[in-house]
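Engineer: Two chains, each in its own frame: build the complex with the hints.
Single-letter residue listing:
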Amino acid sequence: MATPASVHAHAPQGFIRKYIFSLDHKVIGIQYYFLALTAVFVGMFLSILMRIHMIWPTAALPLLGEIKPEQYLALMTMHGTIMVFFVLTTAPQGGFGNYMLPIQIGAPDMAFPVLNMLSFWTTFIAYMVILAAFFVVGGAPLHGWTGYPPLSAIQSAGPGEGLGADLWITSIAIFCVASLMGALNFITTTLDLRAKGMTMMRLPLTVWSWFITAILGLLAFGVLLSAGILLLMDRNLGTSFYVPTTMVNGVMTWHKGGSPLLWQHLFWFFGHPEVYIAILPGMGVASQILSTFSRKPIFGYRAMVYAMLSIGFFGFMVWGHHMFMSGMSPYSAFAFSLLTMCIGVPSAIKTFNWLGTMYKGRIRFSTPMLYAIGFVSLFVSGGLSGPFLAQPVLDIQLHDTAFVPAHFHLIMGVAAIFGIFAATYYWFPKMFGRMMNETWGRVHFFITLAGTYAIFMPMHYAGLAGQTRRYSQFTEVAYLQKLIPLNTFITYAAIITVAAQFIFVINLFWSMFKGPKASDNPWEATTLEWTTATPPPHDNFGGVTPVVNHGPYEYGVPGAAKDYVMQTDPATGTSH
Amino acid sequence: MGLALMVLIWLITLVSTYFFVAKTWWLPVGASAATGWIDHQFALTFVIMGVVFLAAQLSLGYIVWRYRESPSSPPVEYSHGNTRLEIVWTTLTTILFIGLNLMGSSVWASQRFDPPEAGAVQVEVTGMQFAWYFRYPGPDGQYGKTSFKLMDPSAGGEAAVGLSNTDPAAKDDVVTGTMYLPVNRDVDLSLRAVDVIHSFFVPQLRFKQDAVPGLNIHMHFKPTAIGEYEIACAELCGLGHYKMHGMVHVVSQEDFDKWLAAREAEKQ
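Respectively, the protein sequence lines represent chains A and B. With the numbering used here applied, the first sequence corresponds to residues 1359 to 1934, in that order. With the numbering used here applied, the second sequence corresponds to residues 17 to 284, in that order.
Bound-form chain B, shown alone (with noise of 0.2 angstroms):
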């Protein structure tokens, strides 16, 4: 019986561990400035949480194998355990889980509490269920006012983020159902829900944030390759959950600078 639960609890100790290592499924491709520094993170936790997990379940497997008892088992030792063993692991645990997270936080920091960088590209993403929608303020940078009152999700594109008829900013605001974004440039997001909190996950851009009600959330990320990624709602919406689905394209500059070009004619 403790061999046969040695060898279950090696099997799965190993089996599991190959698919990690293998990277068989794993982060996708990461393709913003962030991503160097959260998949380090990731590596690092990810080779000292394996080690821990690797010594734990293989050495379980072995003292309930070697420990059996048999007829010729010695007598057990009688202790009720060691002051000075649980002083040693209890310090190298708390250094190890304490250290890890001090190391993790100058990323969060400097991604949350710098602003973004100068002439970052601004664009609000409003979700409802079960659609995104993208606004871009337009030469004059000023978003236009919105309001709930002219609001109508079923006409979509400006209807549906009720963008004001009559507020001169509002006048060269692009509302599109697709995102579009320059490669090498800081993206200065808003981000609005009008109905149940949706969240954006792109996670090839290694973002996500949830879209509340009642709130403007601010962030800012730079994607760094040209590519489309897929956006998908990642908090719990309603029935559609499953399919509010978007597009990120990242393309150059230029063929950014021609795409919201080509938006604002078709306004005029």
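If we strip away everything but chain A, and leave its shape as in the complex, we get (with noise of 0.2 angstroms):
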């Protein structure tokens, strides 16, 4: 088993090397955490001024005067580009992952901690790319997070989509690099540096759900950095991948015989591998949780493990169906559909499961373990309305519609965003030594769950009613004027919602400096993070190497003198 040189080494003692461009996994996943952490600001602002922008068209705003309907397509892009890359790739995998991944396994380290700096400041880059599209002449795309040519390939076919939507691109493919870099670190962690007696089926199951990620990250992200190339290239280069003979604005385009949904299938090769890139460590983390505070082995722990394998694998198979409508040949539908509906299969494995775990259990409402059952409510949500649009038949009235943002935005969205509350509130005491505010926590965590129902619930209904979604107003078409009401409530339970995550971040900051002092296993929970320090030393178990005796849930085990056995604790025999 290798160890990587750095670590040997001292920690470094100069600010820049210790927090700036720190070779330290644990340092590195808090950065990548603060990155998400005002990303996800940035998003919910965006979202918000789109809100209001759809109820109230010709509202003058403080500062920003009236927003107009090309910008509220810009906000619209950078909301979905800035969620989906800098929140909920960032935060599970490149914060959560980062950090804890090593400590879980028992190393010392990443196994390439430099690539590991370069991942997160490669990443950094590509954040200040996106952010400065808001700023050059003609502002943010109008094309939306998925980018379709011919609109987003043809300069002239919006306002935005001239420099601006060269940073976009140019930032989704500095994205990709780092994320593959990421990607081989965690993989090659996982596989090479787990302490003795750490076997693959002894993981914890959010390691699991990390390493499934960066093998989905590996083979996706390097299609989407193709696909953006053949994008800027046909954008500045005089090439025509993408786009046929068009005419933009009355005068005839420089292209010939491109494809438009050559994009497509590249980009949804990617896509639908990238909202289990979203999701998959919030089940891994919402596993973890349920069993630590059921005091409860997890429910079929390989059952799990499969499923998430099984998503993993069938993830890359279904990107058609995002293409029902697209002109693409009609026969290939039958094939997406059928293997979508597969998916289910495995998710609904793992919401038996869940509920299997806490069944019987013994449950503590701490504040982690509300935002693991909010997990397990908003996965069920937004997964049932997933078999709707797998269906070819019903996707005829149900594609681009209101109904598929409030279908993903549950799942990968919310869900996810779940997930990284959760693991925020489980691991802060680790992470930072105090404890989080229970009190805040729990008022923050009933917001939250009955805001993201009133938000995303109506959505549905008024997807059904036929409301077409990137719509900036409702006032053109008549059937969609009776629908402003319904649209105004969503805006205000959005508003009242963003305005309830204020609570997440006073009590995070106030926490780090004011909480009380937290123990080494505040939570009473078995896996290797809580055998060390708090916070951890440099390199993560000060200087001893641990060895593992246990499975990672061994909660309630006859006849053990607490009611968890830790994975170091020594072999008994009784359990697994």
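These are computed hints drawn from the structure, not numbers from a lab. Don't be surprised by glycine CBs; every beta carbon is placed ideally from N, CA and C. One thing to keep in mind: the hints can contain errors.
Beyond 12 angstroms from chain A on every Cβ pair, some chain B residues (computed) [claimed, not checked]:
1. Val139
2. Asp156
3. Lys161
4. Lys274
5. Trp275
Think about it this way: if two alpha-carbon atoms lie no more than 20 angstroms apart in a straight line, the pair counts; the simulated SDA-like pairs of lysine to any residue are [stated by the list, open to error]:
6. A:Lys1920 <-> B:Glu93
7. A:Lys1614 <-> A:Asn1594
8. B:Lys259 <-> A:Tyr1837
9. B:Lys39 <-> A:Phe1847
10. B:Lys259 <-> A:Glu1424
11. B:Lys161 <-> B:Lys187
12. A:Lys1718 <-> B:Leu74
13. A:Lys1614 <-> B:Leu166
14. B:Lys165 <-> A:Gly1615
15. A:Lys1614 <-> B:Phe164
16. B:Lys161 <-> A:Gly1608
17. A:Lys1614 <-> B:Leu231
18. A:Lys1614 <-> B:Asn232
19. A:Lys1872 <-> A:Trp1798
20. A:Lys1718 <-> A:Val1915
21. B:Lys165 <-> A:Gly1608
22. A:Lys1840 <-> B:Ala176
23. B:Lys259 <-> A:Met1408
24. A:Lys1920 <-> A:Thr1930
25. A:Lys1718 <-> A:Arg1828
26. B:Lys259 <-> A:Gly1502
27. B:Lys259 <-> A:Val1915
28. A:Lys1376 <-> A:Trp1798
29. B:Lys259 <-> A:Glu1834
30. B:Lys259 <-> A:Arg1828
Structural biologist: Pasting the structure below:
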């Protein structure tokens, strides 16, 4: 078993080496987390501006003035892109995965610490590049986070399709490079740096989820990177990969013979696995927390692992379900639809097993547990609209209506965010050495859960009624005007829910400095991060190499002294 | 805490379900031959998913309340799961999801793979930022040639789709900004786009299809009720996406013939 060379050295002392260009996976994890925290607030702010514009299209906002339809579309594009890449891909994997994966497998650091640092700072550059798109002439692009050409490929197709769109693609391409570096590191670390006794079937489910997510990232981001480079060439170098003969604003473009559907295939070949990249770590965290706070072993550990593996496997074969209405061969719809339905099976297995874990447990309602339970509820609600959209014949009515954002926000947006919240409340004591405030954590949870449903459940109704997506206002179509009251309700729910997130931020920063000191194992949990000091020393285990004797979720073991057996406790023969 | 959580989860579940069941907001009344099939498949999916939704959420709420920790809680059952149960629910969900899928497939197939009925009315739909144009081939049943060179979107009408002024087949082509269709007759639709992707969506006709530059997509459908139906563009096409709106007038065969004859007369 290899050990990274850098960790033999003492912890670096200078401020820059310690906190800025750090090689320590824990510092890098926290850097990723804070990057995502700023990004989620940018993304939320954009969504609130969108919701306000949809209801009051001519309202003059303080400082910003009136939002124009093209600005609405720019807000929408940037909201989607920032949330998907810089929040949902960054926080669960780059943040918690980076911090916890090496500790949970008993390693002193990631396999490639320098690559890890490079991966973070490359992500940081990508983040700066995308934010820059707001400030260039023409503003941010309006082609949506999916960036379908020809709209995204022709500079004259709309405001923001000039430099703004180039920055958008460049940012995504840089992000792909960063993610590829991260994925390699996660995979190598999991395979090579596990402590003695840490077999694959003793890995915490969180580690499994980060590991599988990394494999998905490795296979998906390379395709998006290539697709993005081709798009940049179509825009600037006279190629026509994605654009046939077209006339925009009465002017012929130079393009000839390209296929707009090629981009859709490449994009969704990345895009569908990407939704699992966002949600799998949440599944891992939910499993970990549900078991810990139910004081019961996870129900069906192996089934959980196989379910995640098959979700990852099928995730690469279903991209065409985004394209039923695109003009793609209608024959292929059968295959994509059937495979998409198949993904429902492992998802259902996971839900059964989470319920099975809590059943006959002794549930402790600490804030991490509340969020894990919320995760299960959202996963069920968001998941069950999937089989509607997976059927081409229902997609005729539902495709590109509000039903779709309702579905994916619940399942890959908010459920994943609940995973991040659960992870934050759960691991905060280990990361910062102090406890977060429980009362405010609960208040935050109840408002956020109710608010989330108040925002996204009505979007299903609007979608059923035919409300088309990506409309900046509903004034021009008679049947949409009737849906304005429903949308007004959604806007108010969104404003209240977003306001409640400040409770979280204040709790986070207040607790970082003023919270009560945390013990090494405040939740009485079993995995390796709870065996070491709080916060963990530079090499994670203070020169000791942990030896693992037990599975990750040994709670309620008959005959044990306590109601939990830690993974490093001496072997007894009674537990797994 | 367990009680509060159960109440919240149950409340969310029941309120959400109420609005689905009460159909406060629902699919608009359908007016095409596909309505029956689509709405039936929809209802079937809705009932199955609704039952699963209620069962999962209500038991989640119940479990968190019932098994909350208290001083009198019994010790937990030390169990790593139950393979037989895993096999049972894996098999059940597989049958359920795949069965649902197969049932819907026949509807999709009949709409797409059967040719339009004989005597279908031909209409070509062209999408451009931010308008729809509709072309009828006229008495000769042949669309005339179009070309980008002759295209002038700002002029509207025939010039907008670039209709040839030399091709004899183009002489009787009619181009309009509003779609007229005869009731109870199949429509043989060709969809094109000149600049970016648009999507021709008529909720009441249960019809949606992207119009893609470079492709000429053929579809058919049959309106079954006289009325006026709104077209809303369903694929993001630029800053005017929200106002890329059009109308379909479904009229009697007689009114349709009259309307078309009047357009032909205007042209001469």
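Engineer: Evaluate each hint against the coordinates.
Structural biologist: Hint by hint, here is what the structure shows:
With a closest Cβ-Cβ approach of about 17 angstroms to chain A, B:Val139 is found to remain outside the 12 angstroms limit, as its non-interface label requires. With a least CB separation of 27 angstroms from chain A, B:Asp156 remains clear of the 12 angstroms interface cut-off, as annotated. Every beta carbon of chain A lies more than 12 angstroms from that of B:Lys161, the smallest distance being close to 15 angstroms; the non-interface claim holds. Separation of B:Lys274 from chain A is adequate, the least Cβ-Cβ distance of about 26 angstroms exceeding the 12 angstroms criterion.
Listed as a non-interface residue, B:Trp275 keeps its Cβ farther than 12 angstroms from every Cβ of chain A; the least gap is roughly 22 angstroms. Restraint check for A:Lys1920 and B:Glu93: the C-alpha separation of about 15 angstroms stays at or below 20 angstroms, so the hint holds. Note on A:Lys1614 and A:Asn1594: the hinted pairing holds, with a Cα-Cα distance of about 15 angstroms set against a maximum of 20 angstroms. Annotation: proposed proximity of B:Lys259 to A:Tyr1837 holds, straight-line Cα distance about 13 angstroms (limit 20 angstroms).
This hinted pair checks out: B:Lys39 and A:Phe1847 have alpha carbons roughly 18 angstroms apart, not beyond 20 angstroms. Taking the CA atoms of B:Lys259 and A:Glu1424, the gap is near 18 angstroms; set against the 20 angstroms cutoff, the hint holds. Proximity of B:Lys161 to B:Lys187 is assessed by CA-CA distance (about 10 angstroms); at most 20 angstroms being required, the pair is judged to hold. Restraint check for A:Lys1718 and B:Leu74: the C-alpha separation of about 16 angstroms stays at or below 20 angstroms, so the hint holds.
A C-alpha spacing of about 17 angstroms is found between A:Lys1614 and B:Leu166, which places the hinted pair at or below 20 angstroms, so the restraint holds. Distance check on the hinted pair: B:Lys165 and A:Gly1615 sit about 17 angstroms apart at the alpha-carbon level, within 20 angstroms; holds. Distance check on the hinted pair: A:Lys1614 and B:Phe164 sit about 12 angstroms apart at the alpha-carbon level, within 20 angstroms; holds. Restraint check for B:Lys161 and A:Gly1608: satisfied, since their Cα atoms lie roughly 19 angstroms apart, inside the 20 angstroms limit.
Distance restraint check for A:Lys1614 and B:Leu231: the Cα-Cα separation of roughly 13 angstroms lies within the 20 angstroms cut-off, and the hinted pair is therefore satisfied. Taking the CA atoms of A:Lys1614 and B:Asn232, the gap is about 16 angstroms. The hint holds against a cut of 20 angstroms. Taking the CA atoms of A:Lys1872 and A:Trp1798, the gap is near 14 angstroms; set against the 20 angstroms cutoff, the hint holds. Between A:Lys1718 and A:Val1915 the alpha-carbon distance is near 14 angstroms, which keeps this suggested pair within the 20 angstroms criterion.
With a C-alpha separation of about 10 angstroms, the suggested pair B:Lys165 and A:Gly1608 falls inside the 20 angstroms cut-off, and the hint holds. A C-alpha spacing of about 32 angstroms is found between A:Lys1840 and B:Ala176, which places the hinted pair above 20 angstroms, so the restraint is violated. The hinted pair formed by B:Lys259 and A:Met1408 meets the criterion: a straight-line CA distance of about 17 angstroms does not exceed 20 angstroms. Under the criterion of a C-alpha separation no larger than 20 angstroms, the hint pairing A:Lys1920 with A:Thr1930 is consistent with the structure, at around 13 angstroms.
The hinted pair formed by A:Lys1718 and A:Arg1828 fails the criterion: a straight-line CA distance of about 46 angstroms is larger than 20 angstroms. Using a Cα cut-off of 20 angstroms, the hinted pair B:Lys259 and A:Gly1502 holds, with the two alpha carbons roughly 17 angstroms apart. Under the criterion of a C-alpha separation no larger than 20 angstroms, the hint pairing B:Lys259 with A:Val1915 is inconsistent with the structure, at around 64 angstroms. Among the hinted pairs, A:Lys1376 with A:Trp1798 is inconsistent with the structure: their alpha-carbon atoms are about 32 angstroms apart, more than 20 angstroms.
Only pairs whose Cα atoms come within 20 angstroms are accepted, and B:Lys259 paired with A:Glu1834 is accepted, the gap being roughly 5 angstroms. A threshold of 20 angstroms between alpha carbons decides the hint, and for B:Lys259 with A:Arg1828 the separation of about 11 angstroms falls inside it, so the pair holds.
This entry does not satisfy hints 22, 25, 27 and 28, going by the numbered hints stated previously.
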